[in-house]
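Work out the full structure: start from the sequences and follow the hints.
There are 2 protein chains.
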Amino acid sequence: MRTLAIDTLQKTGEKVTLMGHVDNVRDHGKITFIDFRDRSGIIQCVGQNLEKVNLQSAVEISGIVNKRPENMVNKNIASGAVEIWIEDLKVLSQADELPFDMGKEVLDLQLPTLLDYRTLTLRHGKVSKIFKVQETLMEGFRRASKSIGCTEIFTPTISASSTEGGTEVFKVKYYDHDAFLVQSPQLYKQMLVPVFERVYLVSRAYRAEPSVTTRHLSESIQMDCELGFVDFEELLDAMEFVGRETVSYAVECNKEILKDYGVEDIKINKEIPRLTLREAQKIIKERTGIDHTNEIDMMPEDEREICKWAHEERNSDFVTITHFPTKKRAFYTMPDPVDPEYSLSFDLLFKGVEILSGSQRINDHNKLVAIIKEKGMDPESFKMYLQAFKYGMPPEGGFSFGLERITMLLLNLANVREASLFPRDMERVDFRLSSKKKETKKKK
Amino acid sequence: MRTLAIDTLQKTGEKVTLMGHVDNVRDHGKITFIDFRDRSGIIQCVGQNLEKVNLQSAVEISGIVNKRPENMVNKNIASGAVEIWIEDLKVLSQADELPFDMGKEVLDLQLPTLLDYRTLTLRHGKVSKIFKVQETLMEGFRRASKSIGCTEIFTPTISASSTEGGTEVFKVKYYDHDAFLVQSPQLYKQMLVPVFERVYLVSRAYRAEPSVTTRHLSESIQMDCELGFVDFEELLDAMEFVGRETVSYAVECNKEILKDYGVEDIKINKEIPRLTLREAQKIIKERTGIDHTNEIDMMPEDEREICKWAHEERNSDFVTITHFPTKKRAFYTMPDPVDPEYSLSFDLLFKGVEILSGSQRINDHNKLVAIIKEKGMDPESFKMYLQAFKYGMPPEGGFSFGLERITMLLLNLANVREASLFPRDMERVDFRLSSKKKETKKKK
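So the sequence lines, in the order shown, correspond to chains A and B.
Taking the working numbering, the leading residue of the first sequence gets 1, the next gets one more, and so forth.
Taking the working numbering, the leading residue of the second sequence gets 1, the next gets one more, and so forth.
If you're looking for bench data, these hints aren't it; they were derived computationally from the structure.
Certain hints may be false.
A pair holds if it fits inside one copy or across any two, identical chains being indistinguishable in the list.
To be verified - Mimicking DSS-like on lysine-lysine, the simulated pairs with C-alpha atoms at most 27 Å apart in a straight line are:
{"#": "1", "residue 1": "Lys270", "residue 2": "Lys255"}
{"#": "2", "residue 1": "Lys390", "residue 2": "Lys129"}
{"#": "3", "residue 1": "Lys282", "residue 2": "Lys270"}
{"#": "4", "residue 1": "Lys259", "residue 2": "Lys104"}
{"#": "5", "residue 1": "Lys390", "residue 2": "Lys373"}
This is the structure we're talking about:
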């Protein structure tokens with residue numbers, strides 16, 4: 001019968017069998033100390049005359065659980081009050097020698113190495129914890145969405161036309177036809193508003209942008225809500241609720257990990273400040289002297305500055321910016337009836353970066369057809385989408401955010417690739433694509 | 001302030017404002033009856049001299065909540081004890097005239113029409129309920145997986161090589177390279193076993209099989225678990241637990257819907273009968289006289305017969321079949337050490353059809369390389385996957401199942417396409433692909 005590391009605390013004096021990986025080995029002559037890891041955590045095991053075992057090997061250890069002397073208790077690990085005296089060590093799968101040192105608290109590797117050895121680097125405690133946080137962000141999103149009455153839906157990723165206009169889409173050979181990977185589930189979730197009224201979904205966003213930045217991925221996990229029968233104020237309330245609850249659930253669940261990442265002072269305030277783009281630009285001008293009041297979008301430095309303002313003046317690491325210029329937003333965005341040059345759109349910023357974006361949508365069939373034509377697109381490509389508007393589409397709106405980006409921001413990671421288990425970008429699908437090309441050529 | 005239909009029960013005598021869609025209209029001269037639908041359910045509204053409103057239109061209705069006389073209570077709907085006397089009816093979005101009758105209890109349409117008008121047919125009560133059940137199957141899966149200690153992970157759908165061998169993959173133009181849509185997240189979830197030990201995930205499965213059947217989709221939602229440090233018995237226990245709990249959670253949550261679908265006698269037994277393929281074939285031979293004892297797989301009629309046996313003899317609508325011939329299963333399947341011609345593989349059958357499939361995996365690096373070569377594949381294409389096995393891979397195994405298929409079976413749907421919001425197959429991406437081709441040609 002196997003015991004988990006964490007359960008040894010209740011078994012002092014007993015013999016147990018553990019199964020897991022070897023995280024670290026310290027040889028002191030005849031005596032060997034092993035940092036043993038299983039899904040419940042780390043525990044120290046001590047043995048004499050052990051057979052040689054490489055780091056990361058999968059092992060089965062049988063031994064006696066001993067209380068550690070008070071002054072030897074390791075408070076950094078949950079099972080730090082006990083250790084195992086090894087009676088038997090069985091190597092289930094011997095690892096090769098590691099290509100780099102994994103014993104340090106921080107894995108000090110360049111990004112290409114981190115990704116080239118992804119199956120290995122993910123095993124490092126500090127790296128795997130990123131995805132423990134990510135899991136709770138997702139759970140927080142689902143809990144928040146459900147609590148406002150959303151039904152979970154599953155939408156396709158293969159589409160017959162390029163979803164939202166633009167050329168930055170991946171083309172798929174679909175039997176004898178061309179199809180495309182969706183840039184977002186946007187059009188599908190809107191079609192489902194008259195069915196379920198409120199929906200949430202976890203989907204994929206594929207972006208074929210031929211650029212390499214620290215905050216974009218070619219494939220990412222997207223979280224979405226779409227709500228029928230809401231006006232702009234109700235939509236902003238729902239959006240801020242879901243954004244805030246998603247983050248605060250993850251913060252609640254991961255206090256230790258956040259501390260480990262040096263993230264301690266996150267200000268989550270029930271009152272998220274709301275500014276129009278123009279108001280935000282005015283505040284930035286007053287604070288910094290830099291005049292961006294005629295720009296049609298926030299610059300990255302504007303996002304940072306307005307978040308600094310919200311942190312300092314409004315006790316909030318979130319800030320909502322509304323009313324972006326209509327022509328800057330996607331075709332389905334509702335112009336503000338009061339001033340149609342601006343739109344009923346919004347971004348939610350968190351710690352200096354936009355994490356979530358959305359809008360009230362145009363829900364009139366004929367207006368939609370007109371705007372699609374105006375943008376130089378063919379209504380025929382939106383036939384199924386437009387069908388939904390023909391048969392009664394309520395006033396509605398929604399929003400979406402990327403799982404990897406919010407993970408990156410919460411943990412202050414330098415690059416969004418660190419927040420994706422197997423990131424895809426222009427240059428990499430698991431390995432660098434350029435290396436793949438060379439190999440193929442060599443074979444020929 | 002908007003009131004949901006279901007909340008009118010607590011507001012008899014009060015004036016309320018409802019927002020939703022018009023499901024049905026019955027005109028009796030001056031008096032009009034409207035079946036009104038919002039996300040909480042259906043309620044009857046009655047008014048005089050109303051403006052004309054088409055079915056499915058989005059409306060706002062203000063009126064007084066009245067108790068219905070005892071003999072007029074509609075027990076089929078949750079708000080059947082009250083009705084609304086309409087004082088004001090505002091049409092928020094007028095629908096076009098419907099192309100078919102949506103007022104009947106069952107939407108009596110051929111599959112092509114059901115799908116050509118998907119945004120409309122999904123609004124029919126009986127159709128949308130399919131996806132209410134689907135949502136709870138997913139929730140049941142997540143609850144069960146979490147309860148056995150799995151971490152939720154997110155794996156990519158774009159891959160550098162065709163995942164599991166075979167040619168039935170969709171090719172993606174990925175910047176200047178060729179990439180593929182994964183047939184399953186199999187290889188990625190295995191790589192994460194040494195990281196999290198137990199993982200679960202919801203992903204996509206893409207199958208470019210050039211065939212049209214009632215139970216396959218080109219894109220489907222796949223649910224997966226993968227567990228480290230388990231032997232075959234423990235794996236079977238976990239698999240049966242997750243399969244059974246997924247279904248029984250949905251059954252618990254949807255008693256009314258299941259009754260509506262004529263599904264009333266589902267036998268969920270904690271003891272799921274386990275048979276090897278050969279044992280199952282022997283039982284089938286004894287029961288039917290049909291001798292399939294030399295076949296290397298279950299025929300569809302065998303699956304139905306052995307499920308009939310389990311239902312009649314073991315009080316269970318589930319049955320587990322193990323030990324399929326090694327050469328019939330994917331390359332990573334562990335052969336049975338006792339008789340390597342058969343493998344440590346299994347299928348879980350439910351109501352006559354396989355819903356879930358999995359195996360103990362080969363966890364030895366060199367054996368994996370050998371079998372990949374033996375199958376005529378190139379180990380270089382599995383470089384990242386094999387990396388995980390080089391650095392200590394525990395004994396492990398896992399399983400996966402399709403969300404749409406299990407939804408179809410639970411509700412006795414005739415075709416898996418009915419269990420997908422927007423099904424993709426060889427002939428259809430929203431609309432029939434052949435029609436798309438013609439239109440493109442016409443334009444030229």
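- prompt: Checking against the hints above, which ones are violated?
  reply: none
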